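Mind docking chain U on chain F? Use the hints.
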Amino acid sequence: MHPLNANVLLAIPLLPLLAAALAGLGGRVIGRAGVHTLACLAVGISCVLSLLVLRQVYFERAPLYDHAVYGWLVSDGFHMEVGFLVDRLTALMMAVVTFVSLCVHVYTIGYMADDPGYTRFFSYISLFTFSMLMLVMANNFMQLFFGWEAVGVVSYLLIGFWYTRPSATFAALKAFLVNRIGDFGFLLGIAAIAYYTYSLDYRTAFAAAPGLAHALLPMTTSSAVPALTLICICLFIGAMGKSAQVPLHVWLPDSMEGPTPISALIHAATMVTAGIFMVARMSPLFEYSDTALSFVMLIGAITAFFMGLLGVVSNDIKRVIAYSTLSQLGYMTVALGASAYGAAIFHLMTHAFFKALLFLAAGSVIIALHHEQDMRRMGGLAKYMPVTAVTCWIGALALIGTPFFAGFYSKDAIIEAVGASHRFGSGFAYWCVLLGVFVTSLYTFRLLFMTFHGKERFRDPAAPAASPALSHEGHGHDEHGHDDPHESPAVVTVPLVALAIPSVLIGALTVVPVLFGDYWGRSIFVLPGNDVVGRLAEEFARPAWVSFALHGFISPPFWLALAGAVTAYFFFLRNPEWADRAEQRFHWLYRLLTQKYYFDWVNERIIAPLTRGIGIGLWKGGDEVLIDGVMVNGTAREVTWLGSVLRLVQSGYLYSYAFWMMIGLALLLGWFVLQLRG
Amino acid sequence: MHALLSWLIWLPIGAGILVLALGDRNIVIGRWLALAASLATLGLAVPLWAHFDTTTPLLQYPQHLPWIPRFQAFYALGVDGISMPLIVLTAFMTVPVVIAAWRVIATRVAQYYAAFLIMEGLMIGVFAASDALLFYFFWEAMLIPMFLIIGIWGGPRRVYATIKFFLYTFLGSVFMLAALIYMYVKAGSYSIASFQALPLSLSEQRWIFAAFMLAFAVKVPMWPVHTWLPDAHVEAPTGGSVILAAIMLKMGGYGFLRFSLPITPDASRELDLLVIALSLIAVIYIGYVALVQQDMKKLIAYSSISHMGFVTLGAFVMYEIVRSTGSLQGAGMGVDGAMVQMVSHGLVSGALFLCVGVLYDRLHSRQIADYGGVVNTMPMFAAFMVLFALANCGLPGTSGFVGEFLVIIASFRASFWYSALAAVTLILGAAYTLWLVKRVVFGPVLSPRVAALEDLNGRELIVLGALAVAVLVIGVWPAPLLKVMQPTVHHLLSQAVATKL
Numbered sequence: 043m044h045p046l047n048a049n050v051l052l053a054i055p056l057l058p059l060l061a062a063a064l065a066g067l068g069g070r071v072i073g074r075a076g077v078h079t080l081a082c083l084a085v086g087i088s089c090v091l092s093l094l095v096l097r098q099v100y101f102e103r104a105p106l107y108d109h110a111v112y113g114w115l116v117s118d119g120f121h122m123e124v125g126f127l128v129d130r131l132t133a134l135m136m137a138v139v140t141f142v143s144l145c146v147h148v149y150t151i152g153y154m155a156d157d158p159g160y161t162r163f164f165s166y167i168s169l170f171t172f173s174m175l176m177l178v179m180a181n182n183f184m185q186l187f188f189g190w191e192a193v194g195v196v197s198y199l200l201i202g203f204w205y206t207r208p209s210a211t212f213a214a215l216k217a218f219l220v221n222r223i224g225d226f227g228f229l230l231g232i233a234a235i236a237y238y239t240y241s242l243d244y245r246t247a248f249a250a251a252p253g254l255a256h257a258l259l260p261m262t263t264s265s266a267v268p269a270l271t272l273i274c275i276c277l278f279i280g281a282m283g284k285s286a287q288v289p290l291h292v293w294l295p296d297s298m299e300g301p302t303p304i305s306a307l308i309h310a311a312t313m314v315t316a317g318i319f320m321v322a323r324m325s326p327l328f329e330y331s332d333t334a335l336s337f338v339m340l341i342g343a344i345t346a347f348f349m350g351l352l353g354v355v356s357n358d359i360k361r362v363i364a365y366s367t368l369s370q371l372g373y374m375t376v377a378l379g380a381s382a383y384g385a386a387i388f389h390l391m392t393h394a395f396f397k398a399l400l401f402l403a404a405g406s407v408i409i410a411l412h413h414e415q416d417m418r419r420m421g422g423l424a425k426y427m428p429v430t431a432v433t434c435w436i437g438a439l440a441l442i443g444t445p446f447f448a449g450f451y452s453k454d455a456i457i458e459a460v461g462a463s464h465r466f467g468s469g470f471a472y473w474c475v476l477l478g479v480f481v482t483s484l485y486t487f488r489l490l491f492m493t494f495h496g497k498e499r500f501r502d503p504a505a506p507a508a509s510p511a512l513s514h515e516g517h518g519h520d521e522h523g524h525d526d527p528h529e530s531p532a533v534v535t536v537p538l539v540a541l542a543i544p545s546v547l548i549g550a551l552t553v554v555p556v557l558f559g560d561y562w563g564r565s566i567f568v569l570p571g572n573d574v575v576g577r578l579a580e581e582f583a584r585p586a587w588v589s590f591a592l593h594g595f596i597s598p599p600f601w602l603a604l605a606g607a608v609t610a611y612f613f614f615l616r617n618p619e620w621a622d623r624a625e626q627r628f629h630w631l632y633r634l635l636t637q638k639y640y641f642d643w644v645n646e647r648i649i650a651p652l653t654r655g656i657g658i659g660l661w662k663g664g665d666e667v668l669i670d671g672v673m674v675n676g677t678a679r680e681v682t683w684l685g686s687v688l689r690l691v692q693s694g695y696l697y698s699y700a701f702w703m704m705i706g707l708a709l710l711l712g713w714f715v716l717q718l719r720g
Numbered sequence: 023m024h025a026l027l028s029w030l031i032w033l034p035i036g037a038g039i040l041v042l043a044l045g046d047r048n049i050v051i052g053r054w055l056a057l058a059a060s061l062a063t064l065g066l067a068v069p070l071w072a073h074f075d076t077t078t079p080l081l082q083y084p085q086h087l088p089w090i091p092r093f094q095a096f097y098a099l100g101v102d103g104i105s106m107p108l109i110v111l112t113a114f115m116t117v118p119v120v121i122a123a124w125r126v127i128a129t130r131v132a133q134y135y136a137a138f139l140i141m142e143g144l145m146i147g148v149f150a151a152s153d154a155l156l157f158y159f160f161w162e163a164m165l166i167p168m169f170l171i172i173g174i175w176g177g178p179r180r181v182y183a184t185i186k187f188f189l190y191t192f193l194g195s196v197f198m199l200a201a202l203i204y205m206y207v208k209a210g211s212y213s214i215a216s217f218q219a220l221p222l223s224l225s226e227q228r229w230i231f232a233a234f235m236l237a238f239a240v241k242v243p244m245w246p247v248h249t250w251l252p253d254a255h256v257e258a259p260t261g262g263s264v265i266l267a268a269i270m271l272k273m274g275g276y277g278f279l280r281f282s283l284p285i286t287p288d289a290s291r292e293l294d295l296l297v298i299a300l301s302l303i304a305v306i307y308i309g310y311v312a313l314v315q316q317d318m319k320k321l322i323a324y325s326s327i328s329h330m331g332f333v334t335l336g337a338f339v340m341y342e343i344v345r346s347t348g349s350l351q352g353a354g355m356g357v358d359g360a361m362v363q364m365v366s367h368g369l370v371s372g373a374l375f376l377c378v379g380v381l382y383d384r385l386h387s388r389q390i391a392d393y394g395g396v397v398n399t400m401p402m403f404a405a406f407m408v409l410f411a412l413a414n415c416g417l418p419g420t421s422g423f424v425g426e427f428l429v430i431i432a433s434f435r436a437s438f439w440y441s442a443l444a445a446v447t448l449i450l451g452a453a454y455t456l457w458l459v460k461r462v463v464f465g466p467v468l469s470p471r472v473a474a475l476e477d478l479n480g481r482e483l484i485v486l487g488a489l490a491v492a493v494l495v496i497g498v499w500p501a502p503l504l505k506v507m508q509p510t511v512h513h514l515l516s517q518a519v520a521t522k523l
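In the order they appear, the protein sequences are chains F and U. This note's numbering puts the first sequence at residues 43 to 720. This note's numbering puts the second sequence at residues 23 to 523.
Source of the hints: derived by calculation from the structure; they are not laboratory data. Since the model is a prediction, treat every value here as computed from it, not as a measurement. It is possible that some hints are incorrect.
Facing chain U, from chain F, some residues (calculated, C-beta under 7 angstroms) [stated by the list, open to error]: (1) PHE218; (2) LEU219; (3) LEU230; (4) ILE669.
Just so it is clear, CB atoms sit at the ideal spot from N, CA and C, and this is done for glycine as well.
Same shape as in the complex, but just chain F (with noise of 0.2 angstroms):
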């Protein structure tokens, strides 16, 4: 029962913060390798001492812990502090954000070899880590607000990192101001937090929840909203923007311009499920709020179904898991909603490791082909990358939710809490989970498919011709298909194998006590009757894990998924001609899939240029015109008059007179303060 050592918790974020600074300050001193030495050293040791943390706070039952660090500012009264709150959910995030940061930081070595931003891109991941760390080990909303944004700074940089491309520096631009319109919800929940307990502290808004339950925020002189319900969707609006949820995802499938390894760190494993953590994080306040939670759950099922399909008609590699993750941080949003918040990040956790790990053999497969992104380009590939191949299979059942790999647990467990839950919207959302099953198992072995196995078409120089939303990694393909492709260096396989060993066993080592045991304590809070998981954990005979899994063989989302594959193994693999065929039938459904539902068309045909054109209006209308045209030259029509005062200034003596008139007006000043002194 030792409580947690306060330095050893400053030493998990900063050691990662300092590696950023020295990488970022001194990277040209230090060289490369010192560089990726010491950022994986420090990311290294911030992993060891979380997964201490992890064992202290769940094995030894230490305390909660929650203290400040430092007085951020008082103003009126109003306390702002720099804290952690250690938890149990707390250090289940540090492990995970840790782990998988540690994994990307070696695989980057690897991946980026070549690249001249290589010690700028350590400085990022490491700066990035320090960030994510400071938003899940933070006990108020300022320091949230703080890793949120910081977190979102880090992506903007990276999804830029190659500024020579318009098209990155055109996503980095795109998801910065996306997750903006999200952080402006936020900011206003945190804001009404404030109002309400005069605090920022998350004990003081915690305490106050069931109070404010029934609290009517003042909008007009003649109409209120509930409080909580207000505080609760705004804080979810932040979290759409973050966690890339319907309408404000469509910023997470263009970052895929960024780095591969950072594709797996921040947008699949970490950042993007801040979101999720944060609405678990808040359970206190979203439990008292039904409607929140209604609405949550159906934003949700439709991000978790409507963008899984989304990844059947993508080509480009990169873009089929990143349309995957949108599709399951859907799921996640649904477990939230659902009061699920123990399953949501059950399924963040197991979702952080198969996902990092599809991400990094997509990596692979991409450095192999020479920066080919494009499906359409790959096949037969298992025969040269055996070790890609077979992680990459594993990463992918893991993903589809096959018994006993780590996704099923977490999976199933949410498709259960929905179809348990009585809240309204339930009933739709548990329709698009189940049939997000087989969707999820569509493109997945779709991507098998068409990248390891089947016709060799790297070497076709005559492969179909890369489409306008495809995007070519690096620096082009001048090698392109001159020798086989072959496996990956190791730096780049351990941590394939160490993401693929979780992947697999996660789920199962943790379901009991994540799922159905006492894992949280009090660190998330749902109400006796929303307790949907709680009440499945009834149902199951001990051993839990072997029980659980073998009814998923029985549960209609394993047949769904077995569907999926097999649909996909006819249509993209055996008889390919089928797939061309289906996309002729259905035309306007292919073509809704391939432009995104609009959603980018409206963005930038109608948002955009309307944003401008109000800006123009207001510059060329309002200040040049209205203000300066009619106001100010109108009214000082004596335009004669400043000519003649002109003439006077470019004569240059105005400029020594006034001069001498300043100087003799301070003297005489100077000389009444001496003369009256005496």
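Chain U alone, transformed into the frame defined by chain F:
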């Protein structure tokens, strides 16, 4: 009797006169003298902060000498928690201006340095004066060097810009002078404290409030009297823009806090919605205008107006807080936020104008379209530019966040809608700033002139580095800044919500 404030005022002015007397022929000495004087002034600001008593709202380092006995005007100085940080900011920001001009200014160099040093002393005088006539003297005198700076070293349309600038600010302050004289007649003294204690009827207060409003709204500047600022910035040399944005705009905010709120509390309460509405218009309307600017300096100038909207919003939102919650709790956060925003904006906008200056010195263009891909040739510069841009977007961890955060939280207490409208800056601010960064800094090198750019030299590195440190320190640990202001803000609140009727 304490002479520290007098030293802060007269040391740079004296040095400025000396540099002027040395002339262009001895410019090497003059240049070093200017640097030494600006550093010495900054050095004097250190004890000003270090020995500042953070427990009292009373004026500190007071100095009181007869000046014009016939008018009961005194050479009276003293600082409190509102003026002291602004004096430190003034002393801090003059140093980069002097360094930035080192090799860049080619004509009338001695006069250039003299103008900035003299202006520094006069600006410190504005913040330090506790006698209204002395305040007015510094307030007007300060315009002259700025007028010269834009008029002599400015761009092609400098004459138009100078005259517009001069007319605007001069017309505004004439009304303020009338108000000051009126109160002098009633109070029999020019002491600002006596004005604050002077009982005034509501109609008197309204007139005085209007006169102050004209003077200060032009300085801030508030919509719709803001159009002089983009023109002045575009034509001003880099140093002029830096001082204009970093210090001169703060005089408007300072005036509201020093004069409008305590002297005319009832009129302020009555007309607060006017100020709040204009502030929110500034945040949103100007945010949209900034988005479509083609000229980097114009964009940052509009961004300044938008950011200064938070200052006026934070200063006046207290009345609405009292109105809607019936208590003063949280009202001080608005004023605190306004003050932090002033200091932060001074640093960030100053830094951004210096960044534009760095580019302008090399390419002699301010047009966004002439750049693109600067990061390829100037990676160090790009790092600073991105940092300051993010601070301009109000990124937590930089100074830009603190003030906006406090003001948004405070205005939520008044109304959800004030808070929501102010928070639109989160989106618009990021849009115009980062779109600028995207077009200037990122992308491939398209023009041969960009390809030939050279990265920061040591001089520029020191200047931008010092500003970056200041921006980050305030962002990470704003507590000391707020602690300094606390008793004064508390006192100001009690004055501002009291009634004089």
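Here is how each hint holds up against the structure:
With 7 angstroms as the threshold, the beta carbon of PHE218 of chain F comes within range of chain U, its nearest partner Cβ sitting at about 6 angstroms, so the hint holds. Nearest Cβ of chain U to the Cβ of LEU219 of chain F: about 6 angstroms, under the 7 angstroms cut. The hint holds. Taking 7 angstroms as the C-beta contact cut-off toward chain U, the hint placing LEU230 of chain F at the interface holds, the least distance being around 6 angstroms. Among the interface hints, the one on ILE669 of chain F holds; its C-beta lies about 5 angstroms from the nearest C-beta in chain U, closer than the 7 angstroms criterion.
Consistency with the previously given hints is maintained throughout, with no hint failing.
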